[in-house]
Amino acid sequence: MTRHRRQAALRLIGVGLAHAAILGAMLNMAPPVRNAPAEVMQVGIVAPPAPESSNKPAQARPPSRLAVAPATIQKTETAPAIAFIEETPAVPVAEAPAAAALPRATAPALVPPLFSADYLENPPPRYPPMSRRRREQGNVTLRVFVSAEGSAERIEIQASSGFERLDQAAREAVESWRFVPARRGQQRVAAWVLVPIQFAM
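With our numbering, the residue at position 14 of the sequence shown is 1441, and numbering never jumps.
Simulated from the structure, these hints should not be mistaken for laboratory data. Some hints here could point you the wrong way.
To be verified - What follows is a set of in silico ranges between Cβ atoms, one per label pair, in the way DEER data are often shown:
1) A1536 <-> E1599: 18 to 24 Å
2) N1549 <-> I1584: 14 to 20 Å
3) E1599 <-> D1545: 46 to 52 Å
4) T1568 <-> L1537: 31 to 37 Å
5) Q1614 <-> P1551: 29 to 35 Å
6) Q1613 <-> I1584: 19 to 25 Å
7) R1611 <-> R1561: 30 to 36 Å
Ideal placement from N, C-alpha and C gives every residue a C-beta, glycine not left out.
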């Protein structure tokens, strides 16, 4: 009986040692198993917030910038169109006075009256006898307004001879003269003419 008890005790001791060794091995293996999942969980928690925070501002900024760009393009396109419309009416305004000035240049010139034609047979002034005795000489210039019919309607002394008798003799002679009236184109018109008369001995 003692042998059986010893053998049983030895078996129990061996089994206990084996269990103790297994438990010890299990205890040694447990810590790394617990630490590994803890590290994996920390990495998994930190990673998700980063993409969420980066995506939200990226979606909010682009629309505001894209909305401003087309507005500036439309302003630059409309500005030159208004400038071209304002420049076009200035061209016909400058041409109007040039076209209106053409008829004035073609207006017929005035031809003054004539008094020295031979067919008029205008007699020369009479030399006053008193002026001959006193040997008075000089030139008289008369300003005569000739009508459209060719008669002297008004006579003025433009330049005197210095002697009243000579000036009066010139006036009396021209009052009876006939003139060729002034003309503007084919039309007879009244006009002034200067008539010089010389008294010499």
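To see whether the hints hold, each was checked on the structure:
Taking 18 to 24 Å as the suggested C-beta distance range, the pair A1536 and E1599 does not conform, at roughly 33 Å. For N1549 and I1584, the hinted distance range of 14 to 20 Å is satisfied, since their beta carbons lie about 19 Å from each other. The hinted range of 46 to 52 Å is not satisfied by E1599 and D1545, whose Cβ atoms lie roughly 22 Å apart. One distance hint, 31 to 37 Å for the beta-carbon pair T1568 and L1537, is violated here, with the actual separation near 20 Å.
For the pair Q1614 and P1551, the beta carbons lie near 31 Å from each other, so the given range of 29 to 35 Å is met. The hinted range of 19 to 25 Å is not satisfied by Q1613 and I1584, whose Cβ atoms lie roughly 33 Å apart. Range check, R1611 to R1561: Cβ separation about 45 Å, and the 30 to 36 Å hint is violated.
Hint compliance for this structure: hints 1, 3, 4, 6, 7 are not met, and every other hint is.
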